[in-house]
Amino acid sequence: MTLNFINPVYLWGFLGLSLPLLIHLLTRRQQTRIRFSAVHLLEQAQKRSVRRSQPNKLLLLLLRCLALACLCLALANPLFSFADQNALLPSQPTSTVLILDDSYSMRAGGGESSLFQQARETLAALVTSAPSNQHFSLVLAADPPRALSGWNDDREQLAKTLRASQASFQTTGIGQAFETAVDLLADAPSTQKRILLLTDLDENGWRADEFPSMEGQGASVRILDFSGQQASPNQAAVESVQVSQEFLTHSRMIRVRYRVKNLQAGRALNGLTASLWIDGKQQAQETLALGPGASLEKEFTFPHLGKDRLNGYVKLAADGLLEDNRRFFTYQPDQRLRILLVDGDPRGVSHQNEIFYIERAMNPFSRSVSDIEPVVSTPAELPNRDLSRFSALVLCNVRTLPFGYEEQIERFVSQGGALLVTLGDQVDVKAYNEKLGGLLPVTLRTLNQVNETETPFRLKAATEGHPALSVFSGKMLAEMEHVRIHSFFSVEAKPDRSFLVPMQLTNEAPLLVESDFGKGKVLLYTTSIDRDWNNFPIQPMFLPWVQRWVKYMSQSLDTITRRDLNVLEAIELGEIDGDWWVESPDGQVSRIAPQEDGVPVFSESRIPGVYALFTTPAQAGSEDNKANPAGLKLPPNAHPAGGFTVNVDTRESIPDKIGEAAVHDILRGAPVEISRQTETLQTVKTDGGFSMVMPFLLAMAVMMCAEGWLVRKE
Amino acid sequence: MAETTLQGYDPEVLARIAALKIHASRLVEGILSGQHKSPHKGSSVEFAEYKDYTPGDDIRHIDWKVVAKTDKYHVKQFEQSTNLKCHILLDASGSMAYRSPLKKSTAMAKDEYAKTLVAALSYLLLRQYDAAGLITFNDRLVDHIPPRSKPSHLQPILYSLSRTEFTGETQIRRTVEELIEILPRRGMVVVVSDLLTRDDNVLKTLNLVSSKGLEVILFHILHPDEVEFPFEGDIVFESLEDDPPVGLDPHDIRKQYQKLIQELIEHYWQHCPSMGIDYQFMQTDAPLDQALRYFLLRRRSLLKK
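Residue numbers (numbering that gives the first Met the number 0), protein chains in the order written: chain A, 0 to 713; chain B, 0 to 304.
Okay, chain A solo, but in the shape it has when bound (with noise of 0.2 Å):
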């Protein structure tokens, strides 16, 4: 048990006690003496009378003294905990590195309950309670892990330093925190040397190839457990969260798909809410119901017209960590769908091109909701080309591409974006496998060929439900009857991919295979979309056809908008002719400068949300803003160019508890003590102890009401 004070200056107070010993001093009646004759009576009235004068002048200096000891006492501050702190520390010299696990499972307990707080305050009370041969060193172990304090004696700054940090949205690194700590003690200027940390000993941030070897460190480890005083468990969290549009009909639907896991593996969660907000608002609300430690993928799916960006996050009912309850996204619906066509057949002709049929399919000089913009090039012209400005790229009977150009489309594709391979005579299977194999799930086999006298392949009329074609039936399904091929590319299946064939030929042989990479989707169409080697470009329905693919294929136009990062996570913001700018969900601005070498990178979202980015011609930035970089202003000529979300990484949600065993056997080569802060702290108002300001004030009202009747008694 201890009692530390926040503010001990106040104890100077207790010299005031001398105020009401020297009142009594002062005004104590000069005692007299009378010689008189009935004493023996008078001994017989003490006797009888209750009255005392002499002790109720005692007890009311005592009441006073105590009064004002109680009112010294309150406005110090005092915290009054069970743990006793200075068990904590030796009583020979030491050198202790503190490691404050800052992590936002540390979080647990939210505001001035939760477990950071209570580590903090526990933390900031031994510090300067702790005697002048105590040296310490202060770690916060969120990763990556920050020393925010050498080998300070100022305890008072230290205290001020602890009590001003909060904890991160981070996960833990608790062995790259020893390895700062280990690094620290090297200069420790004790030759005792300690770690203590203080974390909720959480499984995450317990890799043991990060932990350096504690072998000869001549250090001994002290573990405090904050775990036990988490007041609910966290149950679920969101662990991801995907927008994507359709233009299935003639409105854009808005699909938010997101993935729930119920973080309790003996527990099933029924009647969990997860609601949609949009721009602040609530969209859409549904319940779940979540097997033990299962996990879930549900969608909210609304109609969306309008041109904004979204912002928004899907959210679930409060447990007992709050942080991983809410997935931030943002969503910029495309307008205009830009697609890439990529000729590798072009002829003087038009009509002889490669991309003729499927260019004029694409933009036949329609509206609808969504126009479709093909933008044709050249295998040479592609490294010129930034891809993040088009949805898809449509390799149209491609030969091979530019070297080192296939890292590029995956990234494209990895990102959101869309790849659709045609194939033809031009193409170079073996190239292809090679460098589209990552992307590709499928390897290319053989050319199937037919005379023109050989009866064709046909197209095997069937949606199968997919939804690209699920719009086409009756006479237009007929009609799909019609297509001749007579040259098509078998494949062939690679073992560890996963793949769609939504459409296929009467011989059973894919036509069209469909995949996902990364965020965005790889279509291969295994014959020419020209009249190369099949009629289909002329059938009725090879406009809608394509137009329907195109639209299901990308999804997103915004590569940078489907961004979705982890706290502190590095965006590489692309090379522009001028400035990146960065608002945080915070209202922070920051000026990414154009980068000499390389791409200009932002690092420093911190909290999560939605960050909103913004491009200023080079020179841009005002001279204040140079000069003042914590406060930046958006400059008033900032053009929006899009956003990206940050989220915690759910991997600090898992509420698994590394054990003692485990601990003892990371940490092998170190003595470590592992103590469990188990004292209830229901009644807790300042972490790390229970204030005793209110107790010691009302003693004090006690003591003066207690006075005050004694002196009406008087």
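No lab work stands behind these hints, which were simulated from the structure alone. Don't be surprised by glycine CBs; every beta carbon is placed ideally from N, CA and C. Just so you know, not all the hints are guaranteed correct.
Said to hold, decoys possible - Lysine-lysine pairs mimicking DSS-like chemistry, simulated, CA-CA at most 25 Å apart:
1) A:K712 to B:K258
2) A:K46 to B:K254
3) B:K64 to B:K75
4) B:K254 to A:K712
5) B:K258 to B:K203
6) B:K254 to A:K56
7) A:K46 to B:K258
8) A:K518 to A:K493
9) A:K459 to A:K493
10) B:K149 to B:K75
11) A:K314 to A:K518
Claimed, not checked - Derived Cβ-Cβ restraints for the label pairs, each shown as a range:
12) B:E48 to A:R32: 45 to 55 Å
13) B:R139 to A:T26: 42 to 52 Å
14) B:D51 to A:R32: 50 to 60 Å
15) A:R32 to B:S151: 39 to 49 Å
16) A:N6 to B:V235: 42 to 52 Å
17) B:V235 to A:E111: 56 to 66 Å
18) A:N6 to B:P244: 46 to 56 Å
19) B:P54 to A:R32: 51 to 61 Å
20) A:R32 to B:L140: 27 to 37 Å
21) B:E164 to A:R32: 19 to 29 Å
22) A:T26 to B:V235: 18 to 28 Å
We have chain A; now place chain B onto it with these hints.
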């Protein structure tokens, strides 16, 4: 006669005696003025002493033989045959010496009051040709002047009073036990005391006297301070007798003390009549003639018996 000589050489004692005498005579004369002359005048023929003739003296009492021998006129004085022998017992314990420390107090000191009372009683007795004797006591017999009825007997009484020092404890019982054998079968015993003693058997002791056939008058004298206990502040009360000092705030016990002192007075007031004792409580701020009138009243009723 040696005492007479001594008193003549001690001016302080003389002054005290004179003051006592003047005070006593003034009191008594005031009370007796207008009353009938003593019925006992000249009833005795026993020569007592000579005195210088002064105009107004009865010329029948001039001793002509002496005139012939000395050529000076002397008047024969005869001792009256005494109807009453009165022993006055004065409590000379330390408690009687209480003097109020309060400036506002106007009451007489208890010892002065008692001395004046005794002197006045003696003068009154002697003036009426009764025999008056004085016994002073504390825890023992301090002084004993046997009763005489000659007028000049007032001198030794006053002398004794003037020399009395109030010290020691009050032990009425021991005094009475010493005196009981020498007290006459008839007569009067006047006890003047503050009765502030731890002895609870004062009344029993006085009852011994009363049961012997003597008329007992008990003058209970207290200073107003002893009744009202008007002190304030932190006070250590030191005993005038042998009690240990007591430190207290009088405010705390005033009511208890007043109750105790009233119980004491009440005790004597209730039980004295049943034992044939006349009890008279007097505060020293009360006029002394009140006590004298009471005494006269009692004496007359006694003579009628």
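State the violated hints by number, sorted upward, taking the hints as numbered earlier in the document. none
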